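Enquirer: These are the residues of each chain, in order.
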Amino acid sequence: MSLAHYLTLAIALFTIGLIGVVLRRNLLVAFMSIELMLNGVNLSFIAFSRYLGDMQGQMAAFFIVILAAAEAAVGLAIIVLLFRRQGSVQSNLFQNLKDRIEV
Amino acid sequence: MTLAWIILLPLLGAIINGYHAMSCTLRKQKVITGMVNFVGVGLPFIAFLIALSQGIPFILGAEEPLRETLFSWITVGNLHIEAGLCLDRLSTLMILIITGVGTLIHLYSIGYMKCDPGYAKYFAYLNLFLTSMLILVLADNLVLMFLGWEGVGLCSYLLIGFWFEDKAKAQAGKKAFIVNRIGDVGFLLAIFGLGVLLLPGISEGASIFNFEYIESKMSLIAPSTIFWMSSPIILTLLLFVGATGKSAQIPLYVWLPDAMAGPTPVSALIHAATMVTAGVYMIARLDFLFDAAPATLNVIAIIGASTALFASLIAIVQNDIKKVLAYSTVSQLGYMFLAMGVGAYAYGVFHLMTHAFFKACLFLGSGSVIHAMSGEQDIRKMGGLKKALPITSMTFLIATITIAGLPPFAAFFSKDHILWKTYSHGHTVLWVMGLLAAFGTAFYMFRLYFLTFTGKSRVSEEAKAHLHESPFNMTFALVVLAVLSAVAGFLGLPEVLGGHDWIKHWLNLGAGSAKAHSAHDHAMELILMGVSVAVAACAILLAFLLYRNGLEGPERRARAMQPIHNLLTNKFYVDEIYDAIIVRPIRSLSQSVFFRVVDQKLINEVFVNGSGKVLSWLGSCVSRIQNGFVNRYAFYFLLAVSVFLGIWVIN
Amino acid sequence: MQVLDNAASFQYFLPEAILGLTLLLILILDLNKELSKSRLIAPWTAGVGLVLYIVVALALRVQLPEAITFHGMMANDAFTDFFRVFSGASALLAIFLSMHSKELEGVKIEYWILILGITLGMPVLAGANNLLMIYLAMEMVSILSYIIVGYLKKSRKSSEAALKYVLYGATASGIMIYGLSIIFGVSGTLDVLEIQKFLVNNPVGTGRIALFVGLVMTLAGFGYKISAVPFHMWAPDVYQGAPTPVTAFLSVGPKAAGFAILLRFTYTALAQFNPETGIFTPLKYLDITGLMAVLAVLTMTVGNFLAIQQNNTKRFLAYSSIAHAGYMLIAAATLSSLALQGVLFYLIAYFIMNMGAFAVAIIVINATGSEELTAFKGLAKRSGGGALIALLMMVFMVSLVGLPPTFGFVGKFYLFMSVIQAKLYWLAVIGMLNSVVSLYYYMRVVKHMYFDEPEDDKSLGLKGFVFPGVVASLGLATVVLGVYWGPIVTFVQESAQLISK
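Protein chains in written order, with this note's numbering: chain E, 1133 to 1235; chain Z, 9 to 659; chain X, 72 to 572.
The following block holds chain E by itself, in its conformation from the complex (with noise of 0.2 Å):
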């Protein structure tokens, strides 16, 4: 399999996991789908770290993975929290900081 194999799957995933970010509602999900956003970019760089024959790319994807695990342990804390009050995790429940409209 070449390079292009490898970036067109990791296109793929990121690009799902955005989608998912943008369609879905329930909050888990939407985390989720950071998640498959960020193992798209690890796909991609460890792809292209092989390609290059440099092994940076296969450190960052390491530090990805430590950080994608840090951004959810804070994201499902607050998830948690939220879920506590409103018994619910639609993130269309959480619109009380907006502009108001006057005119």
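Because the hints were derived from the structure by calculation, they are not lab data.
Cut-off 30 Å, straight-line C-alpha distance, at most; resulting in silico cross-link-like pairs (DSSO-like, lysine-lysine):
(1) Z/K38 with X/K518
(2) X/K529 with E/K1230
(3) X/K224 with X/K534
(4) X/K108 with X/K534
(5) X/K108 with X/K173
(6) Z/K38 with X/K534
From a predicted model like this one, the values you see are computed outputs, not experimental measurements.
Please arrange chains Z and X on chain E, whose structure you already have, making use of the hints.
Expert: Coordinates of chains Z and X only, in the frame set by chain E:
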């Protein structure tokens, strides 16, 4: 830092009193008078002491200017302007006048402004004025000087309109501000012009508008041209436009008589002793530049002499005690410019100093009279006040004799120097004008004196009950100033009378002023001196004959000369002429075109309301996007990235 | 330029090490039961640590030559040192404000640790010389910010703000890191200076389009950090929901760090610097200045026009801070040394006046309990220091508009000056028009304070001299530096030195 302290102390006073005034107004509390007095008068006094301590070496003969570079102010590319102060003999004289007379007038104000609701505000403004004026005279470069120049203009505006509830007074403030703006444009253009000339060849780190630097580059400026005209002439003419605004010369003098709407001590400090002389100071400061522009000097001399004569004629028929003094100030400033114009810079500055003393004394005296008369300013309703106001009338008389030019009082020496220089420069016509102005001066001043202090009392019964001599702090200032105006002239005792003409040698201004043809024609000088004394004496005698018994006689005679009298009472119709040829056309044009069409239709409806509507519609569109829904936010992020990518790839 | 190994690099990392140790020290102190009861011990320790941090950073700036450290991960130049001092100072002020805010009464030690953590991330972001380092530092700042925004567990707004921040931030950084991976793939290196070398040597090589895509995605990530329109949407909601001192901190510190990396990346990777003439030339076919100019115009305009409509103090200040990012962006878009200096200069000005405005907002919110702009009504007439606080707020507002004689005016002067010198007159004109618009909404606050009557008779209740004193010194600095800014210019000129090859 010593020089900086002279400026900072009044500034501190302005800040403290200003804050106090503001918090008192907002919380509707009473002003703590003692604190205001202490700060408002004490700090300028300390500044005066510092100025004295710094100035004494110069008075004793030091020549090397004292420079203080405070900080590097503006640095953009190769434009470099430093905030620097410079004390030399000229600025020593100025700061001593400003802080000295300033302190006296602050002291006087304690009595004059007592019970005024804006007491703290008044002192804050007055202190701020001192700060600006000191910046103006201590600045070592044009830009800093301009800062002070604008600062004094602002304070002048604030103080003229001090009682802004009275619409006429507020408008007088506006008039002063706007007329000064016209002059300031000239000043600014001159600064820009200098920048354009000097900036291309500037060396690294040189402060471009520094007076010393400009002087060192005169060889570069003198042969250059701006718009096909010699640049020194253009620059000095522009600067002179600035000076006519600030120093109330023809054609921009119209604001000064109206400026009398402010409290009288303000008139004394700002509109007689200090601010209005800023133009004279500026020319003296830039003497090297003006020396290179003889054409400008002639213009200045002509304008100065005309102003002196013109204003003294108007002053003859004024009936408001302060208006007389206002026109007198315009006239005396004309003398100073005449001196500048004939290259006698030192005598112009000398007259500036003596004028500061006697005119401040006259204004404060008139303030004392107005105070005693419970606000009455019309001299037709005064008369015989000598008994009630002994100290005021005495000091007023001394100052009146001084301004009339009788020896050995100060103005005799300073004015006579100017007239002699004018004559010896060959400007005979200007000399005659100056002499006529001197006649007018002596006449209107003694008219003022006789009508106010001697003869039968025409004071209303109501006012009579309140007549009183002013308190000590007011009379103290009067006495000091009267003494100064009597003796200050000896600083410039001419050589022909056995003196050394100390002030001229000390100031040492204008390399070209010591021209050969002013070579000593002692006999002629003495003759001219005699002539001017005789003229003054005649004028005084005439005033005595006409006005010793009040107004009835002269008014009958005035009716005989109705046309001339009318012309004079209406101040040569200058305000009306300006109104007809400048104000009214602009106003009607504004009414018909600018207001109805441009403002109402175009600006108001199309631009303001239209753009407002469009923008608030756009705003609400964007606000609608900001609807708090986080998935939507992520979508817009994605959209934006895609749009940018699209645009860029297409490009 | 020397590239140092880890052992030799450590001396350059001394300030951050001090900050890290302070952070640990606070944790350890909290283990002691007696000490942990004291509310003051943690903020004070953090404050002392930060002061030490700034002092050491300033000392190192003089002592050590500029170098690339940790095998090319970090660039330690005067620019990085500037942001060390800047981050330290903004954290100090944020801690001070937090100690005096009623919203944050009784916070636990994590709060102070979070602030220190963010502060640790900011200079690393400013000095990052490696794509991975950029990402790591950015996440260090971001993730801690998510937590601190949601710190008020009982406040519904705070949690909602945190949610939006984390979701938006994670998406934005995901997009950015994808862009970075593309840049890595095309150029074959993560090192920023190596990337520049590659771009210079391969002006029309393969993968140009891919590189475009990667760059735009990266810039979008930076745009999110500096809340540039259209990547700003998180900012108003987050700023409104977060505790006020946190909002003050976020609108100054991390935003400045975002600007730091944006400037470093565009000026070192995407431009060629000629040390003799001091001129930056954008790379052929990769000229992003046009894009930045568009961003700048959008940011200024949207920020200003939406600020007009706001009635919530924090939301209003959020849009104002967006608008100010726009002013800085127009200068950044001109790619010149003067612009670099202008932005650094403006950051200092913005720091002082914005922190001042937030401090006053905290005072008002403390006293009235209301975050609406109407709470400013009649501020000047309130007892307990109203006249002073209103005067100071007026100074900050005038400075934010950019009127003389304030620091904000001088800052804007330098920004517009650099734009005019680059002959981008239309940008300067748009910037000035925007300043005029901003006059309207800033002066509305002044109008509220002086011309309206207070809605209640609550006292401001300022006690002691410390808090009003600090706010007053910010106000004084705004005015004094508006007249005398010489040393700041010198400092900024020294700081605007980016390491390059």
